[in-house]
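For the sequence shown, numbering that gives the first Met the number 0 assigns the number 0 to the initial residue and increments by one for each residue that follows.
Don't read these hints as lab results, they were simulated from the structure. Accuracy of the hints is not assured; some may be wrong.
To be verified - Once the Cα atoms are required to be at most 25 Å apart in a straight line, the calculated SDA-like pairs of lysine to any residue come out as: (1) K80 <-> A37; (2) K80 <-> L18; (3) K77 <-> A37; (4) K77 <-> G20; (5) K62 <-> Q1; (6) K80 <-> L6; (7) K15 <-> T5; (8) K80 <-> G35; (9) K77 <-> T33; (10) K17 <-> K62; (11) K15 <-> F81; (12) K15 <-> K70; (13) K70 <-> E21; (14) K17 <-> K77; (15) K67 <-> F32; (16) K62 <-> C29; (17) K70 <-> K17; (18) K70 <-> A37; (19) K67 <-> T33; (20) K77 <-> L10; (21) K15 <-> T33; (22) K80 <-> T33; (23) K80 <-> M0; (24) K77 <-> D4; (25) K17 <-> S84; (26) K80 <-> L16; (27) K80 <-> L3; (28) K62 <-> A37; (29) K80 <-> L10; (30) K15 <-> T25; (31) K67 <-> G35; (32) K17 <-> N7; (33) K62 <-> G35; (34) K80 <-> V31; (35) K70 <-> T25; (36) K77 <-> D14; (37) K80 <-> E23; (38) K77 <-> E24; (39) K77 <-> E36; (40) K80 <-> D14.
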Amino acid sequence: MQGLDTLNPVLIIGDKLKLIGEYEETIGTCFVFTEGEALPVVHEETGPSEANLFSGTCIIDPKQAPAKQVKPIARLHKILKFRLSSEANVEDATTKLIC
């Protein structure tokens, strides 16, 4: 494979097969998300209060569902299609005429 970062990459298979690549236009962006465990939300009790028996301690809400952390990753969607090189077609036609 040659010239993958060019508009028309070239793929040569064996000695006779030469393919020319062309990127197709696509619409939009493909989004991929990764998911992982998030740390639980911890609420720290602060401030003076006569009703606050747990001053200065941390409390985790037991009613809260386990949290997931989702990170989006954006990637472009590229499609690369190959066609036979015109040089390969000429060689094929010549070979068929001689045989």
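Right, here's what the structure says about each hint:
1. Annotation: proposed proximity of K80 to A37 is violated, straight-line Cα distance about 41 Å (limit 25 Å).
2. For the hint pairing K80 with L18, the CA-to-CA distance comes to about 9 Å; that is within 25 Å, so the pair holds.
3. A hinted pair counts as satisfied when its Cα atoms are at most 25 Å apart, and K77 with A37 does not qualify at roughly 33 Å.
4. For the hint linking K77 to G20, the alpha-carbon distance of about 12 Å falls within 25 Å, and the restraint holds.
5. Pair hint K62 plus Q1 does not hold up; C-alpha atoms about 58 Å apart against a cutoff of 25 Å.
6. Taking the CA atoms of K80 and L6, the gap is about 11 Å. The hint holds against a cut of 25 Å.
7. For the hint pairing K15 with T5, the CA-to-CA distance comes to about 22 Å; that is within 25 Å, so the pair holds.
8. Between K80 and G35 the alpha-carbon distance is near 35 Å, which puts this suggested pair outside the 25 Å criterion.
9. About 21 Å separates the Cα atoms of K77 and T33, which keeps this hinted pair within 25 Å; it holds.
10. For the suggested pair K17 and K62, the alpha carbons sit about 64 Å apart, so the restraint of at most 25 Å is broken.
11. A threshold of 25 Å between alpha carbons decides the hint, and for K15 with F81 the separation of about 15 Å falls inside it, so the pair holds.
12. Between the alpha carbons of K15 and K70 the distance comes to roughly 46 Å, so the proposed pair goes past 25 Å and is violated.
13. Using a Cα cut-off of 25 Å, the hinted pair K70 and E21 is violated, with the two alpha carbons roughly 32 Å apart.
14. Distance check on the hinted pair: K17 and K77 sit about 21 Å apart at the alpha-carbon level, within 25 Å; holds.
15. Restraint check for K67 and F32: satisfied, since their Cα atoms lie roughly 12 Å apart, inside the 25 Å limit.
16. Under the criterion of a C-alpha separation no larger than 25 Å, the hint pairing K62 with C29 is inconsistent with the structure, at around 36 Å.
17. With a CA separation close to 41 Å, the supplied pair K70 and K17 exceeds the 25 Å bound.
18. Taking the CA atoms of K70 and A37, the gap is near 11 Å; set against the 25 Å cutoff, the hint holds.
19. Between the alpha carbons of K67 and T33 the distance comes to roughly 10 Å, so the proposed pair stays at or under 25 Å and holds.
20. A threshold of 25 Å between alpha carbons decides the hint, and for K77 with L10 the separation of about 17 Å falls inside it, so the pair holds.
21. Between K15 and T33 the alpha-carbon distance is near 44 Å, which puts this suggested pair outside the 25 Å criterion.
22. The suggested pairing of K80 with T33 is violated, with an alpha-carbon distance near 29 Å, which exceeds 25 Å.
23. Taking the CA atoms of K80 and M0, the gap is near 13 Å; set against the 25 Å cutoff, the hint holds.
24. For the proposed pair K77 and D4, the alpha carbon gap of about 12 Å is at most 25 Å, so the pair holds.
25. Under the criterion of a C-alpha separation no larger than 25 Å, the hint pairing K17 with S84 is consistent with the structure, at around 6 Å.
26. Taking the CA atoms of K80 and L16, the gap is about 15 Å. The hint holds against a cut of 25 Å.
27. A C-alpha spacing of about 12 Å is found between K80 and L3, which places the hinted pair at or below 25 Å, so the restraint holds.
28. Restraint check: the Cα-Cα separation between K62 and A37 comes to about 16 Å, which is no more than 25 Å; the hinted pair holds.
29. Between K80 and L10 the alpha-carbon distance is near 11 Å, which keeps this suggested pair within the 25 Å criterion.
30. A threshold of 25 Å between alpha carbons decides the hint, and for K15 with T25 the separation of about 31 Å lies outside it, so the pair is violated.
31. A C-alpha spacing of about 6 Å is found between K67 and G35, which places the hinted pair at or below 25 Å, so the restraint holds.
32. Between the alpha carbons of K17 and N7 the distance comes to roughly 12 Å, so the proposed pair stays at or under 25 Å and holds.
33. Distance check on the hinted pair: K62 and G35 sit about 20 Å apart at the alpha-carbon level, within 25 Å; holds.
34. A threshold of 25 Å between alpha carbons decides the hint, and for K80 with V31 the separation of about 23 Å falls inside it, so the pair holds.
35. Our distance criterion of 25 Å between C-alpha atoms is met by K70 and T25, whose separation comes to about 24 Å.
36. Only pairs whose Cα atoms come within 25 Å are accepted, and K77 paired with D14 is rejected, the gap being roughly 28 Å.
37. Of the pairs offered as hints, the one joining K80 and E23 holds, with about 7 Å between alpha carbons and a cut-off of 25 Å not exceeded.
38. Using a Cα cut-off of 25 Å, the hinted pair K77 and E24 holds, with the two alpha carbons roughly 7 Å apart.
39. This hinted pair does not check out: K77 and E36 have alpha carbons roughly 31 Å apart, beyond 25 Å.
40. With a CA separation close to 21 Å, the supplied pair K80 and D14 stays within the 25 Å bound.
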